[in-house]
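Student: What follows is each chain in one-letter form.
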Amino acid sequence: MANREDIMAKVSGLIGPFNNKGVALSADTTFQGDLEWDSLTVMDFVAAVEDEFDIIITMNMQAEIESVGQLADAVAKLMEN
Amino acid sequence: MTDLLSKFDPLIKERETLLATGVRDPFSLVMDEVLSPTVAICDGKETILLGTYNYMGMTFDDDVREAGIKALEEFGSGTTGSRVLNGTYAGHRDCEEALKEFYAMDHAMVFSTGYQANLGIISTLAGKGDYVILDIDSHASIYDGCAMGNAEIVAFRHNDIEALEKRLKRLPAEAGKLVVLEGVYSMLGDVAPLKEMVRICKENGAMVLVDEAHSMGFIGENGRGVCEAQGVIDDVDFIIGTFSKSVGTVGGFCVSNHPKFEILRLVCRPYVFTASLPPSVMATASTSIRKLMHSGNKRAHLWENSKKLHQGLRDLGFTLGTPEAQSAIIAVIMPDLEKGAMMWQALLAEGLYVNLARPPATPANMTLLRCSLCAEHSSEQVDQILGMFEAAGKAVGAI
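Protein sequences, first through last, are from chains A and B. The first sequence: position 2 = 2 (our numbering), numbered continuously. The second sequence: position 178 = 178 (our numbering), numbered continuously.
In isolation and in its complexed conformation, chain B is listed as follows (with noise of 0.2 angstroms):
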């Protein structure tokens, strides 16, 4: 009998390697409490996150959690069904509403998850004989829903405007075309230029889908995203995002002011053969996506957390990934594994969480220490924040 499991080897291997230096299992973390959206108890120790998506801080919001046991009570604990069978409730469709409302578009469709909406728009959308031209960096799901599909793939060099025009003017004029972009890019916290890449996709002939996971909450003026922040939200096609990032929950959408948008719920397999999200979430994310319309405060907030967490840690002497915050993730690239790995030990033991991002996650087989920051973080726990890096750059060397 061959082993199926034995394809794994190099990888158990590694980790035991890993392991085996001392450091304990990045990957194996547990929050025994979380006392805010910034601070957990981990290992009986009081720990500020600065590794979460959490970027509105959201998940404590009072108005969210009553919205959420109100549900809860009413509807019950889940919906045991289907979207298009016996799984979409008042909540669901409410929260559909809340989305068209703070997008100011006229669709949205509900996902359980956003890795399912990236998986079952790109699909469905992209059949046999269209194209799907993706960025290199694009995120898993984004990949994930071009293998599920039928479509032709081609990737271009990361946020490369030429090499995308280049691709759109090389495929055939009368074939489809789905460009799929993103807002901020998760490992490196960098903005695409969508401005010039939308522009461009709009003179080839192609639909744009642009995923705002990132950003959604935060970037440009209401919130809408890196499209909005750069004027291209009414030439973008698609834009698909999350609830469990800024909006503080779980789920997944996609909005648009297509014409025949809502045809997708009956022919998209990862909405239609899944059970619908449990009513105190939708509770809970209509609830917050509301609030989020009226954030423009915190959102300045995140952008001096961003802004100042950056300029400290280019002062300390760590390589960042953009020369500039460009959004609330701070990534600090790592010589190796083996030195990301002490590090994210050193800070833990000083009493912050960030995320440990390692290949194939990351572009270009580099490790980082990514840092998201939350609103709610405030200027005093970012001052902290560098200290804690100062004391463990040093004590590992790293600085």
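In isolation and in its complexed conformation, chain A is listed as follows (with noise of 0.2 angstroms):
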């Protein structure tokens, strides 16, 4: 069972290669303030965190999730089910 740290850093590095403006992350960034990603990466990096974790995250959670922080959180509590 994966911990909160190890999601953080999985999700930290997933986020890389869509990082294109090298914003520092934290579990505040938020995608779209912060990150500025447009539904095209979002659907992307989407599919990279699902494949990654073995898990789907509807489009339902992906409209409650914000920050860098609540991924991983729902990324542990999907992978708790």
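Bear in mind the hints are in silico, worked out from the structure with no lab data behind them. Quick caveat: nothing in here was measured; it's all calculated off a predicted structure. Ideal Cβ placement from N, Cα and C applies to all residues, glycine included. Just so you know, not all the hints are guaranteed correct.
[Said to hold, decoys possible] Derived DSSO-like pairs: lysine-lysine, alpha-carbon spacing no greater than 27 angstroms straight-line:
1. B:195 x A:21
2. B:169 x B:195
3. B:45 x B:308
4. B:166 x A:10
5. A:77 x B:308
6. A:77 x B:166
7. B:169 x A:77
8. B:128 x A:10
[As the list claims (entries may be wrong)] Far from chain B, by Cβ distances over 10 angstroms, these chain A residues were calculated:
9. 18
10. 20
11. 23
12. 27
13. 47
14. 54
15. 58
16. 60
Join the two chains, each given in its own frame, into one complex according to the hints.
Tutor: So, in structure tokens, the structure goes:
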């Protein structure tokens, strides 16, 4: 079972290729506001996260996730189920 | 007071900036007269229409118009009622019979528009705890059908067979699943790999809905769409379509062989809580659908037109949405909205109307000049069109 630090590290690694602006990442970094991702980038990133952790993040859940920390929490919860 | 319209300020500003460059508003064109399925008068100028969905050119068909006039005279201008109350006339039933004949399927349900058909069927089929799995480039009506329902929504990368399979395998085996696909995706005119996708859906216990709006009447031996062309129509649970494209009028439908299909008439809100289509529309639709069953020659000519335009535009040096003509939609990719609007205006000045498509309707923030061909375009018209693209493209520096 992966702990939250592991998940955060993996998520940060997955953000890397999409982090064109070189934004410094923390749990509070937001995808739309800080990283300024468009919907296409979001989809590619979500697909990468889903494949890494072998989970599904539905669009309903994505609507609730704004920051890197929230994403890590959601991944942790999905992996428990 | 908060002005609720202030959220649209960025879009208002973008429009103002675009119009300030001197281009005319691409979203407010008026057709003053329509001479045929392929020619109209716009601003007093005769214009070839290459941006309609009149694929099979049925809008001016003599039998279609005659049937509409007869129904208008005999049944009046409208039904003023819901399909489940006073809004089902003989013509509505006959139109559903025509659809059953066309698709060789057991059930057909006619909606007031294609948009409402997707809205109604998707939101009704997939309820709380169920999953809708859709292609990320799905039409707005599919997304709106998801938003209206209570299901969990899962998107996968456009036309990516492996991405679809992975997601299906990760979902709970016992959960209800509806995979929504389109035969032809309307922005780039590309076709879905339905053969593989439908097989994967079946292997993973999902029901499949295919929207064949842009392929009906044209693709497949009998014009039943991409499912027919790829040999999987018998494995598809629901087909959604529209009358506003090849059929040449307005309306939407769902056909299916599901034995319990008829119950949807009582539980599908966009079917129940709206007025049914006017009898004249039903008569034109039925007549057109039955004629489309026997339009093999027109289908062949439309393929010729599509292939010729695709090759010609490529030879001129334009960048297109597909490597070869996959449907009657040929999308020319423009570098940005401003260049796209300039090219659109230059084409109009040459006497050619195409669709200017921009985000959010387009994938990957693309600006497109979308050309859709008609079976009634003559080969000479396609030559003329290519000449206009060459002149306009050189005038604005697009080629």
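Student: Name the hints, by number, that the structure is in violation of.
Tutor: Numbers 1, 5, 8, 13, 14, 15, 16, in rising order.
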